[in-house]
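Colleague: So the chains spell out like this:
2 protein chains.
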Amino acid sequence: MKYGYFDDKNKEYVITTPKTPTPWINYLGNHSFYSLISNTSGGYSYFCDAKFMRITRYRYNSLPLDMDGKYLYIKDQDTVWNPTFKPTQTELDDYECRIGMGYNLFRSSKNGVEACVRDFVPWDAPCELQEITITNQSDQEKDLELFSYVEWCLWNAVDDMSNFQRNLNIAEMMVEDSLICHFTEYRERRRHYSFYAVDTAIHGYDVNRDSFVGNYRSIAVPVAVERGKCSNSNLVDGYPIAAHQIHLHLMPGEKKTCTFMLGYAKNKKDEKWEREGKANICLARQMLREYFAPGRVEEEFEKLQKNWRELLSHYQVQSKNTHVNRMVNIWNQYQCITTFRVCRTASYYESGLGRQIGFRDSCQDLLGFVHIVPEEARERILNIASIQKEDGSAYHQYQPLTKKGNMDVGGGFNDDPLWFLAAVSAYLRETGDFPILKEMVTYADSKVTENILDHMRRAFSYFSEHLGPHGLPQIGRADWNDCLNLNCFSQEPGESFQVTGPSEGKIAESVYIAGMYVKLF
Amino acid sequence: MKYGYFDDKNKEYVITTPKTPTPWINYLGNHSFYSLISNTSGGYSYFCDAKFMRITRYRYNSLPLDMDGKYLYIKDQDTVWNPTFKPTQTELDDYECRIGMGYNLFRSSKNGVEACVRDFVPWDAPCELQEITITNQSDQEKDLELFSYVEWCLWNAVDDMSNFQRNLNIAEMMVEDSLICHFTEYRERRRHYSFYAVDTAIHGYDVNRDSFVGNYRSIAVPVAVERGKCSNSNLVDGYPIAAHQIHLHLMPGEKKTCTFMLGYAKNKKDEKWEREGKANICLARQMLREYFAPGRVEEEFEKLQKNWRELLSHYQVQSKNTHVNRMVNIWNQYQCITTFRVCRTASYYESGLGRQIGFRDSCQDLLGFVHIVPEEARERILNIASIQKEDGSAYHQYQPLTKKGNMDVGGGFNDDPLWFLAAVSAYLRETGDFPILKEMVTYADSKVTENILDHMRRAFSYFSEHLGPHGLPQIGRADWNDCLNLNCFSQEPGESFQVTGPSEGKIAESVYIAGMYVKLF
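These protein sequence lines map, in sequence, to chains A and H.
Read in order, the letters of the first sequence are residues 4 to 524 in my numbering.
Read in order, the letters of the second sequence are residues 4 to 524 in my numbering.
For reference, chain A alone in the conformation it holds in the complex:
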């Protein structure tokens, strides 16, 4: 293959050039803290909800493409380069990116300096660890400056990219040694903050984007990196970032390792302040102590690998076809797990701004996931049952933080009820967990609480009571063929692409839903 190859033994895909046709994205994270990361370290992080709890900023459709991320810069005399190629795009002497189960490994070199970057989200902590090992492979002493860089998102990703008269004036930062904390809105109405730290003594930092990047410059040529010196900037208004500077003196053959942590922490209500006006950052300090303890990063990485091996072990085939084995045993399951957990809310094309956890999506995704972690599938079934309405229909999406139905999108996608039946029955066949049918769940639009079996009955009733003139199911607003066949009735600019219209009446029927009925019953 032109851009890399599979390494089945390590369950990795090895990309051998940074110049892939588009950025190739991996998902780091498991349960709450997620990072999208490309093969050139582009991407962003969020906590649970890609819209409301965005931790770092990302510009979709930027030019050049994929130009926000967690970047490390190395300044070696007059040469500035990134171990992950971007954003400088300085040509590398060597480059490799290993896409693994929940991690990316980069190995690259330039002018006799090798950099290995290991990037992963620990199995059960709300942070991302970014470990870099720099080796002087030359026969000269090297004096290098290492810089880190992330740009903070002001939490609400939609507001962050549109409400500038506000968000140019609200950023708040705090620095304590290498621990750079982002506190925007903490004073007013948040108990959470994000932070970026490194386990090594630093020789400078910046929290002000203008100071680090420079006016009219891009992150391809930050002024601080060019001159080899951060300015220990403050931030009074404008855009908050976190950048560290570390001076490295390396003898020939010598290597040094630094680990960066990007984290999220949420305080209890009555532990918000250390003292008046001083935010309590004990949680961040505690996380740094734990994860920066000697050997811990390696331990966490091994734990991550072990847990992924376990996840993938539930279903393994050994056929004579390498491609089948590779796909079934590694990559398809890996995709299914990520799809189920991230639930299509954030991807390279899905900006994470609009949609939430889908009802139909969850049912579909569950089919490929239920054998891997049945407990999570069970939890999802209960969650989506709670956005069903009393008439058996459902909100089409729910908000991951509140678990409430998404009012903006509403309901009326008439395939949703049947998908619920498909999902629960798949879950039952896989697990034999018939007690789930007795779990009591309240409907979204009433105070009626019934068990899951009743929810299924109401879903079926909704389906069977909404038939069109030919006895086929009414489509409502759409069925799951909505990308091809979405009802468009808006005539005027500014109307929603997907509006209610004639299809919601009693005429328009869905062959897709009918086919689904035939398959299911």
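Among these hints, one or two may not hold up.
Just so you know, same-sequence chains aren't split out, so a pair can sit in one copy or run between any two.
As the list claims (entries may be wrong) - Simulated crosslink set (SDA-like; lysine to any residue; CA at most 25 Å straight-line):
1. K5 <-> G241
2. K22 <-> G231
3. K232 <-> S65
4. K323 <-> D11
5. K5 <-> Y337
6. K22 <-> R220
7. K272 <-> Y189
8. K22 <-> L171
9. K309 <-> R230
10. K78 <-> R220
11. K22 <-> N218
12. K5 <-> R220
13. K22 <-> R230
14. K269 <-> H34
15. K22 <-> F186
16. K78 <-> V224
17. K22 <-> G435
18. K5 <-> D213
19. K232 <-> Q92
20. K5 <-> G217
21. K22 <-> Y242
22. K5 <-> N218
23. K113 <-> D81
24. K272 <-> T434
Simulated from the structure, these hints should not be mistaken for laboratory data.
Using the hints, position chain H against chain A.
Modeller: Frame of chain A; chain H shown alone:
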């Protein structure tokens, strides 16, 4: 002054360096077609509504700053430069930008080539004209390639920056000689299109951003410009642009002029198609014929200047203080006119995505505008009267295309009613147009139609019936001090910054509204 000086005779501010602390924006356009343009030709265009009818794409908060616009590139051997400095940021031998009344003039030079760019929106046409005159001031023959570049917005500016799984697949373009038309959604549900053309024979074009800019590149180094050749690209999916290439052979001392037009056209319902599947572009062709006729650009520029002189002539002072004269006679009035017409919907900080025409804003802006074009002030009074509610309160904003109240924002800003009284009385004092009080206008939330005087009475009643415990006016959601004192009651991320809350009850009072009452009565 460090960055330029006032030229009072020409009513211009002359910027002498492209490296201003932030981009300095001028507004081109008068009634429907608007362009924001910076002193380095950054900015964007829209028709009537900055959110729903965005013509060209702009990335707020881009890095580097202000990196979308209408750009001309000159390739002179191995040197590529922009007469407006950006996006290449190639150092210029000379640079000047004259910010005038409804136009920008750029004059710059590099390596013996001078470029003068005149950019304006004609007084009464939905287009922007961009005229460039290139002079060979060297003693050598010059072979230059001139490139133009704009990137289309897919109309709805919010969808355009968020819904990528959709908008990477919907762009449609058509090219006819130098006329490059942008037709996205025209087939489905629009009758309008935008276009970019030049009055000169072209030697190449591009409509596909990837072809022109190149993968992983920025518009600072488009691959087509670097190699000196467009590729006459098609667009099947991806992002649509319009770029022209013009070869110029210039003898020493010789000069050539080209004029580009960026336009908007809307067909009648039954004139949408020239023939099946072929959009009717007669309107665009007609505009090109008219405005590219010999001498017409000069005529239009003179007309623009004459009309602006007339607008500013209604109120002129001749004091002994140059600064007072300059501010009162030129710049303050210019600002007031722009503010009234654009109504703060789009600026360097206001992304044009969210807000619409404000009720309070209109009343305030009218105070500084009513003496200039009373007819427009009258029309605005009738428009905002129609978003008043029967109880005398009002929607806080209306949508410029439909003139309907903005449901998302709603009402409850309790200073709005008094502002209506302030605006109408200012209008009456300026014009003596008492017949306006008899104009009949229907309320937004009922079928009741009453005259303007009744609207004023209801506004006053609303004010006087909503007093708090101290007899001061209830604030409702906010008064016009909302940037300092906005009521924030949301506790959880994801809630609106400006939510309804306790202030909407009968307790919270507004000293601002009370002071306003004292001033008015």
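Colleague: Compare the structure with each hint and give your call.
Modeller: Hint-by-hint comparison with the structure:
no.: 1; hint: K5 <-> G241; result: between (43 Å within a copy, 23 Å between copies)
no.: 2; hint: K22 <-> G231; result: between (27 Å within a copy, 23 Å between copies)
no.: 3; hint: K232 <-> S65; result: between (27 Å within a copy, 24 Å between copies)
no.: 4; hint: K323 <-> D11; result: within (14 Å within a copy, 84 Å between copies)
no.: 5; hint: K5 <-> Y337; result: within (23 Å within a copy, 59 Å between copies)
no.: 6; hint: K22 <-> R220; result: both (23 Å within a copy, 11 Å between copies)
no.: 7; hint: K272 <-> Y189; result: within (12 Å within a copy, 53 Å between copies)
no.: 8; hint: K22 <-> L171; result: between (34 Å within a copy, 21 Å between copies)
no.: 9; hint: K309 <-> R230; result: neither (43 Å within a copy, 51 Å between copies)
no.: 10; hint: K78 <-> R220; result: both (17 Å within a copy, 22 Å between copies)
no.: 11; hint: K22 <-> N218; result: between (28 Å within a copy, 9 Å between copies)
no.: 12; hint: K5 <-> R220; result: between (34 Å within a copy, 21 Å between copies)
no.: 13; hint: K22 <-> R230; result: between (28 Å within a copy, 20 Å between copies)
no.: 14; hint: K269 <-> H34; result: within (16 Å within a copy, 50 Å between copies)
no.: 15; hint: K22 <-> F186; result: neither (36 Å within a copy, 32 Å between copies)
no.: 16; hint: K78 <-> V224; result: both (11 Å within a copy, 24 Å between copies)
no.: 17; hint: K22 <-> G435; result: neither (48 Å within a copy, 69 Å between copies)
no.: 18; hint: K5 <-> D213; result: between (39 Å within a copy, 21 Å between copies)
no.: 19; hint: K232 <-> Q92; result: both (21 Å within a copy, 24 Å between copies)
no.: 20; hint: K5 <-> G217; result: between (37 Å within a copy, 19 Å between copies)
no.: 21; hint: K22 <-> Y242; result: between (30 Å within a copy, 20 Å between copies)
no.: 22; hint: K5 <-> N218; result: between (39 Å within a copy, 17 Å between copies)
no.: 23; hint: K113 <-> D81; result: within (12 Å within a copy, 28 Å between copies)
no.: 24; hint: K272 <-> T434; result: neither (39 Å within a copy, 59 Å between copies)
The structure is inconsistent with the numbered hints 9, 15, 17 and 24, although it conforms to all the rest.
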